[in-house]
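As they're listed, the protein sequences go chains S and W. Residue numbering for the first sequence follows my numbering, beginning at 1 and increasing consecutively. Residue numbering for the second sequence follows my numbering, beginning at 832 and increasing consecutively.
To be clear, the hints were calculated from the coordinates, so they are not data collected in a lab. We put the CB at the ideal spot given by N, CA and C, even for glycine. Please note: incorrect hints may appear among the correct ones.
List of simulated lysine to any residue pairs, SDA-like, C-alpha gap at most 25 Å [to be verified]:
hint: 1; chain 1: S; residue 1: LYS496; chain 2: S; residue 2: TRP99
hint: 2; chain 1: S; residue 1: LYS282; chain 2: S; residue 2: ARG272
hint: 3; chain 1: S; residue 1: LYS125; chain 2: W; residue 2: GLY946
hint: 4; chain 1: W; residue 1: LYS935; chain 2: S; residue 2: LEU194
hint: 5; chain 1: S; residue 1: LYS282; chain 2: W; residue 2: LEU1070
hint: 6; chain 1: S; residue 1: LYS115; chain 2: S; residue 2: ALA84
hint: 7; chain 1: S; residue 1: LYS101; chain 2: S; residue 2: GLY38
hint: 8; chain 1: S; residue 1: LYS125; chain 2: W; residue 2: GLU934
hint: 9; chain 1: S; residue 1: LYS125; chain 2: W; residue 2: PRO940
hint: 10; chain 1: W; residue 1: LYS935; chain 2: S; residue 2: PHE411
hint: 11; chain 1: S; residue 1: LYS282; chain 2: W; residue 2: GLY896
hint: 12; chain 1: S; residue 1: LYS609; chain 2: S; residue 2: SER812
hint: 13; chain 1: W; residue 1: LYS935; chain 2: S; residue 2: PHE142
hint: 14; chain 1: S; residue 1: LYS128; chain 2: W; residue 2: PRO927
hint: 15; chain 1: S; residue 1: LYS128; chain 2: W; residue 2: SER943
hint: 16; chain 1: S; residue 1: LYS128; chain 2: W; residue 2: SER993
hint: 17; chain 1: W; residue 1: LYS1081; chain 2: W; residue 2: SER993
hint: 18; chain 1: S; residue 1: LYS282; chain 2: W; residue 2: LEU897
hint: 19; chain 1: S; residue 1: LYS496; chain 2: S; residue 2: ASP270
Sample of chain W residues with no beta-carbon within 10 Å of chain S, all distances over it, derived [said to hold, decoys possible]:
hint: 20; residue: ALA835
hint: 21; residue: ASN854
hint: 22; residue: GLN865
hint: 23; residue: ASP916
hint: 24; residue: ALA922
hint: 25; residue: GLU923
hint: 26; residue: ALA936
hint: 27; residue: ALA944
hint: 28; residue: PHE992
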Amino acid sequence: MSTSPSSRRPVRARGWLDRYSAGPEGGDLYTDAPRWVGERWCAVASELARLGENDAAALQEATSRNAADLGLTFRVTGDEEERAWPVNAMPLVIGADEWAKLERGLVQRADMLEKLAADIYGEQKLVKDGHLPAAVIAGNPFFVRRMIGHPPACGRFLQVYSAELARGPRGQWRILQDRVRLASGIGYTLENRLALSRTTGDLLAASHVRRTAGFFGAMREGMAAACGRERPRVALLTPGRFNQTYAEQAHLARYLGLPLVEGRDLSVLDNRLYVGTIAGPKRVDGIWRWINTDLLDPLAFDARSQIGVANLFEAWTSGGVGMANAPGSEVLESAALAAFMPRLCRLLMDEEPLLPSIATWWCGQASEGATVARRFDDLALLPAFGQPVEGLAGRDPVAGASLTEEERALFAEALRRRPMDYCGQEIVQLSTAPAIIDGEIVPRPFTLRAFVARRADGGWTVMPGGFARLSSSRDLPTTMMGAGDLSADVWVVDEKAAEQHQRTTLQGSPPISRGGGILASQAADNLYWFGRYNQRAELVLRVIRSLLGNSMEGESGPTGGGAVAASLVGLLEYWGAADAGSVGKKLEDVCAQALLSSNLPGSVATLLKRRMDVGMSLRERFARDFWRIVSRPMPPVTVSRPQAMLESARWLGEHFSALSGLVAENMVRSSAWRFLKIGERIERAQAICRMTHDLSAFTGESEDVASGVLLDLCDSQIVYRTRYLTAPMPDPVRDLVLLDPDNPRALAFQIADIATHLQALPSVRDDNVPEAPLRSARALQGELQAALVEDMTRARLRTLEGRLFALSDAISQRYFLQFDREGAERRTRLL
Amino acid sequence: MRYAVSHKTTLSYAAPVRLAQFNVRLRPAAWPGQSVSDYSLSVDPRPAAISEGEGSYHVNEARFGLQEPIDRLVIESRFKVEREDAPFFFAEAKGPTLVELREKAMALPDLSALGPASYSFASPIAVPEHEIAVWAAEHLVEGMAVMDAGRTLMEAIHTEFSFDSRATATDTPPIEAFRNRHGVCQDFTHVMIIAARARGIPAAYVSGYLRTIPPAGKARLVGADAMHAWVNLWCGEELGWVGFDPTNNKLADADHIFIGMGRDYSDVAPLDGTFRGSSEQTMHFAVDVAPLD
């Protein structure tokens, strides 16, 4: 959808915004804007109109498609499946002047929160002097007593801060919520920007929109600087792929070039943190944590944590590893604390707040509690510490006036018993902004999440942009993306182009580096299994296709076909792709099961699901095109007609071809690629042994049929036909699929390739003696090089298959956290 | 009363486990009316180092790790303790009403591990439960004095719940024990904590021991052959923390030896930790609290 400059007509009409009318009461980002910003809105709208050929719905569709192409998804709490990311085609446009005020307010707030954390975990002067009730700290489930007296080695608690902002009716901005625990939304700003820039071509540049890339670079440098080592390794610590914001974490890690690690990848030794990699443990100097403090370290905090790292807290206190943000900084987030912000700002900063919090009353104080009771109908009620409480349905603010008589009575009783659990809050009238909804431009209430991070020099930098959420109703958006909510990109615009070219803080070009960085053992393990599941699924599919082709030939097929088909069904049983006792059943039914049954551990559907499961934790490593194909749902398969089923199977076959094409052409030849390939090769090698073994059990006419099927399964018909003029005969076929080192579908080729990959992997030995997996692979390779086709008896094939299992074990032993992985899963709480 | 306490824990694993690391919370923390001497902790196989420190709340915590794989571990803690009886005026004390108490607890500028604020809110195991709050409401009224409230809850649990050492496990959620009206001292303590906090009373979990051999003519106390647990309620600045033992329906006294106090079991668990390996763990322990007088 990009446009050449010459095709752009000068903007004359106000276009879509001519018909725009904002609601009367709440203020609107467009209608309130100063003249030049309003003109910018119009320019944006009319260019969007032009791009969408005046069809807003089409434009929205293009934007959504671009978001989907980026692989953007999210989960609503409780969702099993990820959802498509809803980004609006209309950005929020904010002028430089309005933004500058926001920036100053955010920096002041970040500075104040830093001082507050230092007091809470230091002298506690604010509590002792009576400025802050002890319960406002102690009531926060994220208050970490253990932190008291442990100032961060880098001197700072906060590295990244974000604020949920609301714009009120007269254009005044206020902080709805301080966020230091998770910077969620920060990754989506990248993606929203990318989706919009794909849709709108050079509109961003033409509108003098500030770029956000500099912010991310500065943030990364800031995290590195806090580690106190030259060229430190900073990793993003994720709770794992089931986390609500995992997709965002993976995108961020990829964008920032940070290794994405889980607790089980990490271990602490002598107060230093290491990540287990295929080349042995590697030091990690800092982590950007996306897990809560209480789960960070099962020895220091919650012993039940399965996702933390033992002794991580000690390593942090001793300065052995940096952490953004410091453990326990979540204590800054409560509504109860927000009630004290204006006073704390004066105390800590000796300044008036530039960006006030939304007015909040903590009921733990008698007079404030009385205020809330008196102004019940004007206020919103919410839990003081973000936890579910009696009398309120969830964690989000509820308007007092919206409660029924009965709910009111229940709430009053709950408030009387535990006033300290509740806050009252002024109800915010949100400003609206233009959004494209159902093909119309309409006003939608919005909130904006802004992000602030420390630069390398320790000062704060504010992302020029942010993450906006458009509410589907007049209600305040909840903390997470709600089911009907939309997101929008935020464009901070300068009046003149010149101002836009503010240099980023990136200091010149980075040192040149090649290769894929470190490869965590866990990731290597997942890549290996990705390769295996992928290959196995393809093999099962090949058998299905062979059976279906066979079944359609029916009685008129070659004699002996029945016995060979039975053998293939036996193979499916062996692979767990058919129930035991399937031999003799109708082939169509067996094939339908092998394709689709979710109860069978080896069906194509199950294998693809497993591939997806391990793939999820690899997604930051895969190119977007690759991931798009992997995450595509299984196509509907018509099982009523064999012909239709065969067509679906063919379609699936193309899916595998597309993937292997992308791997071959697009994947960097890193260790990651090697593990993927080793997985595929091992799987295929084992299958060749098994298939050849099973299809060598025939005599007479069946023998020739079996040889033909084997050629088919090994995809080697063409080579065979060009090489031999006869119909498939056992020995030539077996030589071609077992021993021919030049046939990429032959056993010998698989093993030679495995040996090549193993040799190229990093070694942990200093003596240059090959490691165990390589030695086994080479032994197998040598044996096959020396063998003749008549040596390849069925017994020999069974032995070879067994040795391949052993090779797979040797690879897991050496490269994966096999012991630890098992341990991590069962790491149990004692007592 | 003076006692000699010994507590021996034996852990065995079906197959060796690696990198086992433990927190042991068995050394008594300072407590009024109690003085401890000759504390020793021995671990076999012996770790390279045992670091003695403080836990997050009012509890001592020793940490050690074993680099070599183990399939068996013996931890033994011994000490002598002199324990005074509870102050005589506790028996008649009332303390402030619940309304007054809440205000005092919220106003006290004390964020320490002995301050009431830290024990007024939900904690990892003692999470608010509506059913327990409703049950507590049947027993308590707002004008009640806190000591009476404590006695009432303690007695209610003692009467309505049956002691059954096989009914619950260490990780049974309190609400389950509550619904079935059975369990052990840990369950009763958690239920009472949740009930008290539902009315805004600061309530803490105490881990400790009971004397094993009863004085002549008295019945043996329940829970004497293992670690024991009871509830500390904060009863205002004058009375401070007062121990209520719902298992035995009595205030903590010279029979109760204090080890540590936290928001719930998770803060004072005698033993927790991590290891790597896939082995099943079995645990045996022997507790002996012998009177020395």
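Status of the hints after comparison with the structure:
no., hint, verdict
1, S:LYS496 / S:TRP99, "15 Å, holds"
2, S:LYS282 / S:ARG272, "10 Å, holds"
3, S:LYS125 / W:GLY946, "16 Å, holds"
4, W:LYS935 / S:LEU194, "55 Å, violated"
5, S:LYS282 / W:LEU1070, "55 Å, violated"
6, S:LYS115 / S:ALA84, "40 Å, violated"
7, S:LYS101 / S:GLY38, "18 Å, holds"
8, S:LYS125 / W:GLU934, "21 Å, holds"
9, S:LYS125 / W:PRO940, "10 Å, holds"
10, W:LYS935 / S:PHE411, "23 Å, holds"
11, S:LYS282 / W:GLY896, "22 Å, holds"
12, S:LYS609 / S:SER812, "22 Å, holds"
13, W:LYS935 / S:PHE142, "23 Å, holds"
14, S:LYS128 / W:PRO927, "24 Å, holds"
15, S:LYS128 / W:SER943, "11 Å, holds"
16, S:LYS128 / W:SER993, "44 Å, violated"
17, W:LYS1081 / W:SER993, "16 Å, holds"
18, S:LYS282 / W:LEU897, "22 Å, holds"
19, S:LYS496 / S:ASP270, "55 Å, violated"
20, ALA835, "24 Å, holds"
21, ASN854, "6 Å, violated"
22, GLN865, "23 Å, holds"
23, ASP916, "31 Å, holds"
24, ALA922, "28 Å, holds"
25, GLU923, "27 Å, holds"
26, ALA936, "7 Å, violated"
27, ALA944, "7 Å, violated"
28, PHE992, "22 Å, holds"
Hint check: violations occur at hints 4, 5, 6, 16, 19, 21, 26, 27; the rest are consistent with the structure.
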